[in-house]
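> Listed below are the residues making up each chain.
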Amino acid sequence: MTDEELVDEHRAGRADAFDRLVERYRAPAYRFCYRMLGNHHEAEDASQEAFVRTFTGLARFRREAPFRSWLFHILANVCLTWRRSMRDKPGAFATDPPAERQPAPIELDEFQKQLQAAIQRLPDKQRLTLILRVDENCGFEEIARILDITPLAARVNLSLARRNLRETMPPHLLEPCR
Amino acid sequence: MTCDEARRWLDEETTSPEADRHRRSCASCRLAFAQARFIDRAVRAFPVPELHDDYWKIYQRRLHARLAARRPRWPVSVGIAAAVLLAVGALFAIPRPDSPARFESHAVEPTRPHWRPLIQRVESDDAATVLAALRLLETLRLPESLPTLKAALGSQPWRDEAILRTIARISPPLCESVFREALACPDLQAAATAACAELRPELAVRLLLGVYGELTVAPRAAADDLLHSHAAITRRLLLPRLFSASDAHAAMLAPLAASVHLREAAPRLLRLTRSEEHRRAAVLALARLDNPALLASLWDLPAQEIAAFVREGGPKAVEHLRRSALAANMRVARAAIDLLPEFADAQTLRTLAAAMGRSSTHAAAVRAIERVGTEEAIALLLEGFREAPSKGEIVRALGRMRSPAIRPRLLRMTGEPRVPLDALAEALEAYPREQIVPELIPWMERFDARGRAHELLKRLTGKKMGPHAGVWKQWWSTRIKEDA
Chain A
1 MTDEELVDEH RAGRADAFDR LVERYRAPAY RFCYRMLGNH HEAEDASQEA FVRTFTGLAR
61 FRREAPFRSW LFHILANVCL TWRRSMRDKP GAFATDPPAE RQPAPIELDE FQKQLQAAIQ
121 RLPDKQRLTL ILRVDENCGF EEIARILDIT PLAARVNLSL ARRNLRETMP PHLLEPCR
Chain B
1 MTCDEARRWL DEETTSPEAD RHRRSCASCR LAFAQARFID RAVRAFPVPE LHDDYWKIYQ
61 RRLHARLAAR RPRWPVSVGI AAAVLLAVGA LFAIPRPDSP ARFESHAVEP TRPHWRPLIQ
121 RVESDDAATV LAALRLLETL RLPESLPTLK AALGSQPWRD EAILRTIARI SPPLCESVFR
181 EALACPDLQA AATAACAELR PELAVRLLLG VYGELTVAPR AAADDLLHSH AAITRRLLLP
241 RLFSASDAHA AMLAPLAASV HLREAAPRLL RLTRSEEHRR AAVLALARLD NPALLASLWD
301 LPAQEIAAFV REGGPKAVEH LRRSALAANM RVARAAIDLL PEFADAQTLR TLAAAMGRSS
361 THAAAVRAIE RVGTEEAIAL LLEGFREAPS KGEIVRALGR MRSPAIRPRL LRMTGEPRVP
421 LDALAEALEA YPREQIVPEL IPWMERFDAR GRAHELLKRL TGKKMGPHAG VWKQWWSTRI
481 KEDA
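Here the protein sequences line up with chains A and B, keeping their order.
When you line the first sequence up against this note's numbering, it's residues 1 to 178, in that order.
When you line the second sequence up against this note's numbering, it's residues 1 to 484, in that order.
Just so you know, the hints here were simulated from the structure itself, not pulled from any lab data.
Treat the hints with caution; some may be incorrect.
So, partial list: chain B residues that the calculated Cβ filter (under 10 Å) puts toward chain A [stated by the list, open to error]:
1) Ala45
2) Phe46
3) Val48
4) Gln60
5) Leu63
6) Arg66
7) Leu67
8) Ala128
9) Leu131
10) Ala132
11) Pro143
12) Leu146
13) Pro172
14) Tyr212
15) Gly213
Please read all numbers here as calculations on a predicted model, not as lab measurements.
Ideal placement from N, C-alpha and C gives every residue a C-beta, glycine not left out.
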């Protein structure tokens, strides 16, 4: 069953239709938020907030774009709002989560630490474009729809993101590609 | 393949054989590709926490809890609108809206269409009822009602500006088709054009440009006002339309292009000048683009069209015309000189004087000054006479001007051997013989001018009475008596 058919089912009152959409997209949504926010707890909160907004906004979903694009549009907005509120209120999301929600800690090597820092330093639109293109395999048209920009702007953002990463990463870490 | 072309493949998943070949031979492109792919791979491989099924169960449970706790957030305006709705409920007999659906234990109740009675009123034949219903819908902001409202409006003639304005405020996607149809209907054009002011500027401009050619005079004036007020958007949307339009349509859009200063339209307008039918509209539009340099592209057109360009283009265009009068290209210079008398002022006369000093444009400039015909023009000819490369043209021009003030000066030329006799005779013939002959006879008594005076008298009177002044005087007094 396609996403749009599930949306129709949900509108028709089928109780589990929205659950099935969540099951389908929870992992990509979480992954996207994690890439954007760099923290498990914030990724979980942000992805859930996006699903809540999706649920409340489903009545307005008009099929002008695929459901996936619409969901990622909401995810992108939520993540940007999240980041802004983090900047305004540092430590606002620093409460300790319950033990059952703790995933296994990730060991990052030096390259990955530098890459994470470099990605976090990218301007919002560039980081979003890079993640959508590289991680979610979105085409430029889809990225344009999600970010409400033109496909050309999406291309430019990707190019700038790569250049910024290249320039901010220590050169010796980019040696393997020489 | 160049580096730029090869790097266009950088953002693509695939590549082309040409780009591959280029990469093999270009070290910098090879590095750029390698770095891009390396970064992509690194980003893709960046670790994300591994989450197990148990976690997702907790995730889902927590999400349900959030959904259940979340009350749909109604904006304050909807609260106010609901109060208004209650107040007028009796009038419209609208059932009170149910509480918004809440997410409880996965049960989702479909929203009841409490707005249905309003939509029925939109389908009414009474304009006041339609307007009242639309205004309520505008206040309530019910996005879920829009598809039904759109269908209801499909059967409506939309009647007046107030209704169209309200539709515009309800929803841009909804109003596009309604406005398009209203603008296409001659009876509604005026109302629809005025109501376009409520639309988003981009949409309003797009709609108005779409029907611009079909608008009658008054709606077109209103459309022009709106399009001018959004000149930047108009320029952006008009340009491709202008280039893809037929000549007739482009000619109709030309004044608009000029009035919003769409300078990029110049190539299309110049192409339009090749069509005799649309030439005038294109020339006038080109002139209003405030780019007098365009004059250089118009010299193949008939003189009256070039003059129209200069007239419309104002002082800048006149200044450009003056500069053209002194251009190295003789064809251009002569054409410009021919047009200058229409724009005669002190500056123009100075330009003509300079052109008169050039042998290649001397004759054209003298004719132009003659056409100006003012006292300043006469003074200019007389002033330029001394230095003129060919004095004959000036003398003939002075003769044709027939000014009493010039006559004594022409007669004095009898004693100036550098003035061609033919030209002087031609100039003097322009005056009555009764004035010229008695003034010319005394010149016969001057040793240095006798020959030329005699020749002039022979030509003017057709008589051959020898080189003696006395004989000519006697003949003239006899003739006067006979005439008396």
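> Against each hint, give a clear statement of whether it holds in the structure.
Do the hints match the structure? See the list:
For B/Ala45, the shortest C-beta to C-beta distance to chain A is roughly 9 Å, which falls under 10 Å, so the interface hint holds. Taking 10 Å as the C-beta cut-off, the interface hint given for B/Phe46 holds, the closest approach to chain A being about 6 Å. Restraint check, B/Val48 versus chain A: the minimum CB separation of about 5 Å is within 10 Å; hint holds. A hinted interface residue such as B/Gln60 counts as satisfied when its beta carbon comes closer than 10 Å to some beta carbon of chain A; here the least separation is about 7 Å, so the hint holds.
Taking 10 Å as the C-beta cut-off, the interface hint given for B/Leu63 holds, the closest approach to chain A being about 5 Å. Using the Cβ-Cβ criterion of 10 Å, the hint placing B/Arg66 at the interface with chain A is satisfied: the shortest such distance is roughly 5 Å. The beta carbon of B/Leu67 is positioned within 10 Å of a beta carbon in chain A (closest approach about 6 Å), and the interface hint is therefore held. A least Cβ separation of about 30 Å between B/Ala128 and chain A goes past the 10 Å threshold, and the interface hint is therefore violated.
At its closest, the beta carbon of B/Leu131 sits 26 Å from a beta carbon of chain A; the interface hint therefore is violated under the 10 Å criterion. A least Cβ separation of about 25 Å between B/Ala132 and chain A goes past the 10 Å threshold, and the interface hint is therefore violated. Look at B/Pro143: its Cβ gets to within about 5 Å of chain A, closer than 10 Å, so that hint holds up. Nearest Cβ of chain A to the Cβ of B/Leu146: about 8 Å, under the 10 Å cut. The hint holds.
Interface hint at B/Pro172: violated, since its Cβ lies 12 Å from the closest Cβ of chain A, which is beyond the 10 Å cut-off. Using the Cβ-Cβ criterion of 10 Å, the hint placing B/Tyr212 at the interface with chain A is not satisfied: the shortest such distance is roughly 26 Å. Proximity of B/Gly213 to chain A is violated relative to the hint, the smallest CB-CB distance being about 29 Å (cut-off 10 Å).
Checked against the numbered hints given earlier, the structure breaks hints 8, 9, 10, 13, 14, 15 and satisfies all the rest.
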